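Q: Build out the structure end to end from the sequences listed, making use of the hints.
Position one of the sequence shown corresponds to residue 23 (the working numbering), numbered consecutively onward.
Just so you know, the hints here were simulated from the structure itself, not pulled from any lab data.
Just so you know, these numbers come straight off a predicted model, no measurement behind them.
Among the clues, some could well be false.
As the list claims (entries may be wrong) - In the DSS-like style, the derived pairs of lysine-lysine whose C-alpha atoms are separated by at most 30 Å in a straight line are:
1. Lys66 - Lys92
2. Lys59 - Lys92
3. Lys46 - Lys59
4. Lys92 - Lys46
What the hints assert, rightly or not - Pair by pair, the computed Cβ-Cβ distance ranges are:
5. Glu70 - Asp45: 16 to 24 Å
6. Arg33 - Phe63: 29 to 37 Å
7. Ser79 - Glu58: 16 to 24 Å
8. Gly37 - Phe89: 16 to 24 Å
Note that CB positions come from ideal geometry on N, CA and C, so glycine has one too.
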Amino acid sequence: MTFAGNPSSNRYEFGANWASFIDKHYSAERRRMAAEKLLSFLGKQTLEGFDFLDIGSGSGLHSLAAFDAKADRI
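A: If you want it as structure tokens, here you go:
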């Protein structure tokens, strides 16, 4: 496989995207609400005793929610 031009120009800038998300959308309230909604969706009071797999297709907010909900492993 060959690249025409600079191969780094074809890469996704995850760090810049994450910084933009934090600046524009992240708050402690949003984090709290994510944990609350996750537990409500799962019908649980806590995730103690559970593992949580985040496939990495979003902001990572659900991983933080699982952490806050006391998942054993994330």
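Q: Does each hint hold? Answer for all of them.
A: For each hint, the structure was consulted:
1. Lys66 - Lys92: holds, 11 Å
2. Lys59 - Lys92: Status holds; Cα separation ~14 Å.
3. Lys46 - Lys59: holds, 21 Å
4. Lys92 - Lys46: Since the Cα atoms of Lys92 and Lys46 sit roughly 27 Å apart, the hinted pair holds (cutoff 30 Å).
5. Glu70 - Asp45: 16 to 24 Å: violated, 33 Å
6. Arg33 - Phe63: 29 to 37 Å: holds, 34 Å
7. Ser79 - Glu58: 16 to 24 Å: Holds - the Cβ-Cβ distance for Ser79 and Glu58, about 22 Å, lies within 16 to 24 Å.
8. Gly37 - Phe89: 16 to 24 Å: Because 21 Å falls inside the window, the suggested range holds.
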